[in-house]
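K.L.:
Take a look at the letters that make up each chain.
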Amino acid sequence: MADHVPRKRIRKVLIANRGEIAVRILRGLHEMGIRGAVIYSEPDRLGLPVLLADEAWPIGPAPSRESYLRGEAIVELAVKIGADAIHPGYGFLSERAGFARLCRDAGITFIGPSPEAIDAMGSKVESRRLMIAAGVPVVPGGKDPLPDLDAAAAAAETIGYPVMLKAAAGGGGKGMRMIPSASELPSSYRAARSEAAASFGDDSVYLEKYIENPRHVEIQVMGDLHGRVVSLGERECSLQRRHQKVVEEAPSSVVGPDLRRRMGEAAVKAAAAVGYSNAGTCEFLLDRNGDFYFLEMNTRLQVEHPVTELVTGIDLVQAQIRVAEGEPLGPEFDDVQPNGHAVEVRLYAEDPWQRFAPSPGRIEMLRWPDGPGVRVDAGVYEGSEVSIYYDPMLAKLIVWAADRERALNRLDRALSELRVEGIRTTVPLFKALLADPDFRSGNLDIGMLDRKLAAGELHPVADASDSNELADLPLIAAVLAHHDLAHRQTATGPATPAASHRSRWGTAGRRGAVRGGSWS
Amino acid sequence: MELVVRRGDREERVRVRRHDGGYEVAIGDRTYQIDALPARAGLQSLRIDGAQHEVAVRPQGEGKYWVSTAQGGGPVEVLDPLAHLAAQSASKGGKRRQRVDAYMPGRVVAVLVEEGAVVTTGQGIVVLEAMKMENEIRAEHDGTIGKIHVQPGQAVDTGNPLFELE
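Going down the list, the protein sequences come from chains A and B. Heads up: the first sequence runs through residues 1075 to 1594, numbered per the numbering used here. Heads up: the second sequence runs through residues 641 to 806, numbered per the numbering used here.
Hint data in this document are derived by calculation from the structure and do not stem from the laboratory. Some hints could be false.
[Unchecked claim] Heads up, incomplete: computed chain A residues facing chain B, CB under 10 Å, no partners named:
1) M1439
2) P1443
3) D1444
4) P1446
5) Y1463
6) D1465
7) E1495
8) A1555
9) H1557
[Unchecked claim] So these bits of chain B aren't anywhere near chain A, every CB distance computed over 12 Å:
10) T761
11) A770
12) D782
13) I788
14) H789
15) G793
Note that the coordinates shown come from a computational prediction; the quantities given were computed from them, not determined experimentally. Heads up, the beta-carbon is just placed ideally off N, CA and C, and yes, glycines get one too.
Could you build all of it, start to finish, from the sequences and the hints given here?
P.N.:
What follows is the structure, encoded as structure tokens:
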């Protein structure tokens, strides 16, 4: 690692992203007195990042590959506007080594790791090899096909039961068999091979350690350009729907100081093995015995970085910029321990009770929660159009409190203050989760949310209410609105002839008035 | 004013009366005295015997409303009793006819059946794509497909007709 790292003041940053993360980065820049420039696609002209930015530059039409993924055009723009650095955010170009190289070649600082580190961690096979060499635990087993039953039995003994038999040509859970003990290996082995041959035309199978209902626990790391890498502790991200994180916490309720130290050391080793600098995340599976296995490293800032910020007091975006300027990690990075508990929910424009159908449209009304311990990282405002072109995440709601119980109570309170009208959101899912005993007690694993959704165990909280008044409330509200509309129409006539449904309310109102007696 | 209100499987006759202090609403054997004030357009503060409820109501045309309370949001339909009666007698005599509209803006990826096709409950009719996700619009009941209003590749807005199911 270079000891004479040139210091380079960053005065202007081009943000190669959109939505809430662009806003988050702008906030970090502005607090440091750095000018923030954003790119925007045609439908994002009035997006929140553009409104908050110092400079905004068009980058193309709506489809990502014609706008936010135009790496060369983005680097050219950075040069043209005199930006010192590019922050890629997450998604889009953030983990493309080629983009980081383009930046480097153009003399623009890429706020992230080196292209070499991105490359090394980007390949599953290569990173697994590197991790084994570095002594980082990976899921035991191997992708090498097992030629016969003896080879399979030997491999299973080495790995330790239970094991998972997988078809080499399989994927997405197809062609997988869990084998609890040696006695069941022969029949499963034969069946798996013929099944694999029938399904994939290839009867190769391999063995991996079976990890029962693991958690997803990840370690935030930060490295400077002087060869120092530190762990900033873990995030619990087991609540996932179809492998997409839905709720994240820090710390994990099952990670104590000793496990935190060991996982942190493994993550630092993993990062050091590829000469990692800047912010990154090592993802692990954690089993019930407290054993953990490296999955992959995300070589960028994560969506869920705020929970780490809230329990460590470290501004990760600002730390990224200082590291990119060549500053060494300061004393605030020595032996970082979590303080209190933070929970983040990802607010999506999706209807959780309609199989998560997307719900684009105009946000007619928006009131964010506020008050003690509440943070909102949003990419939209009241009046925003949620377009059909991009990821439907509207915002992240993050709360902090002294412990998990209080943080969940605070989340419940904050969700009750939140108002989003005009589109449907995943808020009702979070309400249902807060009423779920497993979630409440922190009894989580990566399959839990999908299982509960499939079993119909999560449902609108209103259904649990036995109060007549609350059950009648929506009826009352609709009737009052209908009554008022009808009376307004009766008094003034329909506003426009085109508003045919309004004139029908008018008719209903007049009929009611004629017939109604004291009941107007 | 007498009205019929529908929410999910529930259907109630409701009487509403305006008086000096607010409204009186009767649902079944329950009568509520309500103080209702708009906090802003579309957002009401309802006080029912002192209990305060913040409720957002969005008219969606033809007596349909989207109502959001602290317990969540959902559609509520308000009907004039005479219209309700007419609709009931019409549906008794004739076939059930339903026009299915797009519930979100998007692009039609595929039309899975032809006009005149006999379909069963749950059968996919049209595939809509929005936000990089494909969503199958399915038949809500057994029947015959009438007119199909869209073709593959076509962009649709919320409320645009997709097909008729008889």
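K.L.:
Sort out which numbered hints this structure fails and list those numbers smallest first.
P.N.:
2, 3, 4, 11
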